[in-house]
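Enquirer: Sequence:
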Amino acid sequence: VSLSVAPGEAVGLLGPSGCGKSTLARVAALLHRPDAGALHLDGTPVRHWRHRAPRALRTAFGVVFQQPRLAADPRLTLADLVAEPLRATGRRDEAAGRVAELAAGVGLTADLLTRRPHEVSDGQLQRACLARALVLRPRWLVCDEMTAMLDASTTAALVRVVENYRAGTGAGLLAVGHDRVLLDRWCDRTVDWASLTSPAEH
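Read in order, the letters of the sequence shown correspond to residues 1 to 202 in UniProt numbering.
If you're looking for bench data, these hints aren't it; they were derived computationally from the structure. A quick note: this is a predicted structure, and the numbers were derived from the prediction, not measured. Glycine included, every Cβ here is placed at the ideal spot set by N, Cα and C.
Label pairs and their calculated CB-CB ranges:
#1 P54 - A152: 32 to 42 angstroms
#2 S4 - H48: 14 to 24 angstroms
#3 L70 - R92: 20 to 30 angstroms
#4 E163 - G18: 21 to 31 angstroms
#5 E101 - A194: 36 to 46 angstroms
#6 T114 - A6: 35 to 45 angstroms
#7 P34 - A194: 14 to 24 angstroms
Using the sequences provided together with the hints, build the complete structure.
Expert: Have a look at this one:
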């Protein structure tokens with residue numbers, strides 16, 4: 001399997017459920033160590049994953065998963081959920097300002113920010129998870145079936161948030177999904193999973 005994403009590029013990865021594209025996305029975001037092969041970031045081989053990776057690498061990625069309820073701590077309010085990466089990296093003093101800024105961007109009201117995951121809809125929770133992914137101003141976004149469980153209007157809203165973020169920062173994007181129409185509209189190019197087993201790099 002060979003896949004490349006240039007700085008600032010948006011690449012869609014298309015494939016059916018269970019093919020391995022989500023695992024590849026987790027490897028790309030330093031969340032899963034591959035059994036074989038190598039990952040290069042900015043031309044440098046990555047040697048450590050998860051908490052063993054240097055902070056500068058870990059914070060370079062923002063990740064949004066398909067199922068927000070599995071990705072969110074049920075004990076936290078949405079405001080605390082969004083601020084969690086700031087607190088984890090010793091930047092607690094930035095939390096209030098960044099949470100307010102991102103909440104406005106993703107469409108979360110002040111009332112929703114006081115609620116916990118079980119008190120909001122999937123779409124509202126996914127908005128919070130996207131805000132959390134953006135809170136450290138990552139250089140790369142990995143969206144793994146981010147919109148699969150959402151209605152059309154919420155999907156459009158979240159895609160627009162990602163597009164605006166990328167336009168303002170030049171961040172790269174790896175968007176994993178099974179909807180070619182959405183990926184083709186959202187990304188600079190779409191790669192079919194089946195083609196990744198060929199020797200050529202994509």
